[in-house]
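Heads up: the sequence lines are chains A and B, in that order. Throughout the first sequence, residue numbering follows the UniProt record's numbering, covering 1 to 430 in sequence. Throughout the second sequence, residue numbering follows the UniProt record's numbering, covering 1 to 354 in sequence.
I should point out that these hints are in silico values taken from the structure, not numbers from a laboratory. Quick caveat, the model's predicted, so the values are computed rather than measured. Don't be surprised by glycine CBs; every beta carbon is placed ideally from N, CA and C. Take these hints with a grain of salt, some might be off.
Between beta-carbon pairs, the in silico distance windows are [stated by the list, open to error]:
no.	chain 1	residue 1	chain 2	residue 2	range
1	A	P320	B	S107	49 to 59 Å
2	A	P49	B	D229	31 to 41 Å
3	A	D46	B	Q85	29 to 39 Å
4	B	P208	A	D400	52 to 62 Å
Covered by chain B, per the in silico footprint, the following chain A stretches (three or more residues, Cβ under 8 Å) [what the hints assert, rightly or not]:
no.	segment
5	63-72
6	253-266
To list a few chain A residues with every Cβ distance to chain B over 10 Å, as calculated [stated by the list, open to error]:
no.	residue
7	S47
8	M58
9	Q60
10	S122
11	G218
12	Q224
13	P306
14	Q338
15	Q383
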Amino acid sequence: MSRTRIVITGMGAVTGFGFEWPSLWQRMLKGEHCVRPWQPEELSDDSFPVRYAAPVDMQQLPTELAEHPAWHTDLERRTRFGWIAASQAVRDSGLNASALQHAAVLTASGAPQHMLADMRLSLNGDAAPSWQTLFAQRAALHHEGTFRQSNDRLARVIADDFGCCGPVLNISSACAGAAQAIGNALYLLRRGEVQVAVAGGADSVLNLDTLGALYLLGAASSEQRWGADLCRPFDRDRSGLVAGEGGGFLVLETLEHALARGATPYAELLGYGSSLDAYRVTAPEPNGRGAILAMRAALADAQLAPTQIDLVNAHGTSTPLNDATETLAIKQVFAEQQHYQRLRVCANKSQFGHLIAAAGAPELICSALSCRDDRIPPTVNLQHPGEDCDLDYCANQAVDQPVHYALSNSFGFGGLNTALVVGKYVEARL
Amino acid sequence: MTQPAPRAVYLQASSLLNAAGNSVDALFGPAPTPSPLAFANQITAFHVETPALERRLYDRKIQRSVEDQGLRLLDCVARLAPAVQALPSAPERLALCAALPEVDAPSPCWDAIAALGENPDALLASLFNNTPPLHALTLLNSSVMSYVAEALACHGPMAGYCAQESAAFDALYEAWQLLREDRADSALVISSSPNLTPAVYLREEAQPPLTPLGEGAAALLLSQQPSADAWQISVQHCVRAYCPVGADALAIAQERLTACLSQAHLQLSDLALVVADPSDPLLQALLPGCRLHSSRSHTGDLGASSPLTDIAYACAHPSHTAAQQARYVLLCSHSRQGHLGLLLLHLSPQEAHA
């Protein structure tokens with residue numbers, strides 16, 4: 001029995017670059033980034049140590065999106081971005097309501113919001129904070145906060161909006177979340193459980209609670225000497241992640257279903273692999289074992305040899321540990337014929353920041369577009385590659401070259417690793 | 001590009017923790033009584049004392065840095081360790097599929113909140129000076145997955161889900177498929193109920209729980225190898241759907257039920273046991289004339305850990321004791337939000353395979 005082919009027929013992205021993927025792609029190819037000065041809305045005195053981020057700029061909201069119910073419903077910020085991105089993807093795919101009825105929805109939705117503000121309701125005079133106090137004041141809880149909004153709200157909002165009655169899944173695997181959602185969708189389509197899936201993720205950690213926690217953990221950069229050029233994957237002066245926010249969604253279909261309705265695929269989704277570091281919760285396994293396992297599993301699933309890959313869209317967080325370990329892992333996976341010397345590597349996070357649970361979705365969109373257009377967006381702010389970063393990272397300038405197959409990495413906190421393989425769409429695949 | 005024939009998937013072992021105890025037999029004994037919540041006397045729930053972790057398996061720092069819901073799960077997983085270690089799986093062939101609810105308010109927050117109460121104008125100082133550096137770890141479900149993976153040397157494929165009641169069903173589904181497709185030899189499926197904070201009562205206030213909520217955890221070990229137990233239990237089929245109230249929920253559910261049973265050429269009347277929440281109106285309508293069994297009277301509604309608890313309950317049900325023939329068991333999971341999961345298990349006496 002031949003394997004069912006799965007294609008990408010719709011894409012939607014909300015990032016610091018705006019609310020649609022064509023402008024994201026154009027600006028990325030020009031070498032722009034959307035990191036800028038930022039501070040949590042709870043503070044007004046510049047005391048927060050993390051000074052830069054890549055927030056979604058609501059001033060750029062197109063008029064035609066202003067009336068979308070996402071902006072007029074009690075929802076967390078992450079859910080709004082995800083709903084918009086999913087709506088864009090569905091519209092982009094041209095699918096009608098009847099085709100969506102049996103579709104699956106798979107989302108990764110990240111950090112809870114308004115937690116700190118809500119928790120302050122647990123205070124009552126000099127008494128210790130308590131749930132009892134908070135519960136008594138429940139009417140005052142933020143309607144867009146974690147006490148009112150469950151983590152899977154995004155998945156249900158999308159399913160309800162489009163009338164999907166296939167499986168509706170909410171993924172939780174930290175920064176590997178959206179990639180797992182897309183990978184699970186690939187499997188689900190191949191297994192014949194559905195013919196159409198809407199998969200991706202959304203997140204926003206740009207608040208005092210969550211970014212504060214990432215800072216305390218030592219993951220978020222508080223460096224200031226580079227200004228907004230702070231996100232520097234693979235550079236010797238990289239100093240930590242720079243958070244972005246937003247969402248990305250893809251419409252995935254069986255090729256048969258897509259062709260039957262006259263759709264033109266952007267690219268073909270070919271493989272998915274995952275693994276666990278089983279090492280330490282706060283650091284990647286130093287030899288890249290987990291990353292290697294995930295990449296090899298994705299290549300095996302795609303039925304491709306490492307030498308067939310033209311591009312690795314790296315996890316590339318701009319943290320000292322990740323970038324070195326990922327480089328090491330890439331060199332191991334692509335060791336045959338020293339293919340790593342010919343391989344191009346890029347890090348989209350240098351341009352729109354780290355979208356945390358959602359990261360894998362817009363990054364896969366970029367990989368799919370690289371395959372479609374034979375263009376690779378640059379890794380910006382890479383001036384002096386680190387000693388342990390010795391691959392071709394497409395520094396600062398987009399690269400035009402044929403991209404038949406691309407591999408996209410997403411590694412989650414705690415050693416949860418994923419890799420996706422996407423390929424140029426061709427009518428007949430041998 | 002071809003697909004190999006699917007592999008058989010067997011249940012090797014299970015481990016539970018809930019108000020009835022940590023043994024599956026306790027689910028068939030006297031039912032515990034729910035007690036009032038500390039923060040809302042009018043609401044009762046099934047509580048579990050937070051366990052002390054097995055020191056030989058877990059670093060002692062974990063006890064302090066993991067939320068109660070995670071500790072319950074880690075305790076539960078520890079009891080599966082001997083079964084995992086007895087399997088011949090290489091670490092990269094052992095998968096981990098997890099259903100872990102989001103932590104709505106991490107414990108380290110309390111100190112920061114208390115400090116804020118004393119000095120409301122020093123927001124950042126109160127927060128940073130009273131939050132442990134590893135605070136972020138308590139927020140993340142992936143931390144608990146990481147601890148399980150490290151303790152059991154689990155390097156294989158992974159999947160994490162967080163969708164209230166249906167998450168465990170999704171984790172089980174993925175584990176089943178990973179084994180069927182030979183992406184792994186064995187798979188741990190782990191799940192935990194959420195901490196009983198105000199959030200679990202406020203998020204879905206429009207749809208209150210049908211039964212008292214409970215604290216607990218459940219874990220299963222699936223394998224391509226049959227177990228040496230008296231009964232060999234294999235996963236025959238698994239079906240999922242989303243049918244929220246107001247949509248054609250019953251029609252969708254009926255269509256999925258037919259699809260599930262037809263895989264084994266069965267009708268409802270052929271089933272030896274149906275495990276489903278008897279208080280769920282959709283399941284009552286879906287399964288007319290069936291006696292619905294459930295462990296909920298002993299555990300409460302365990303949310304994400306309900307499905308795996310019910311699987312262990314179904315497999316140990318006393319009605320199998322006198323049976324001589326292979327039999328089918330159906331498990332139905334329906335979340336308040338509308339997720340439907342149907343699982344068909346095949347139980348066959350060991351002699352049949354001799």
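Going down the list of hints, with the structure as the test:
1. A:P320 / B:S107: 49 to 59 Å: 30 Å, violated
2. A:P49 / B:D229: 31 to 41 Å: 56 Å, violated
3. A:D46 / B:Q85: 29 to 39 Å: 54 Å, violated
4. B:P208 / A:D400: 52 to 62 Å: 59 Å, holds
5. 63-72: The restraint on the segment 63-72 of chain A is violated, since only 0 of its residues have a Cβ under 8 Å from chain B and three are required.
6. 253-266: violated (count 0)
7. S47: 5 Å, violated
8. M58: 24 Å, holds
9. Q60: 30 Å, holds
10. S122: 6 Å, violated
11. G218: At roughly 7 Å from the nearest Cβ of chain B, A:G218 sits no farther out than 10 Å, so the non-interface label is violated.
12. Q224: Since the minimum Cβ distance to chain B is about 17 Å, A:Q224 lies beyond 10 Å and the statement holds.
13. P306: About 17 Å separates A:P306 from the closest Cβ of chain B, which puts it past 10 Å; holds.
14. Q338: 25 Å, holds
15. Q383: 30 Å, holds
Checked against the numbered hints above, the structure violates hints 1, 2, 3, 5, 6, 7, 10, 11; every other hint is satisfied.
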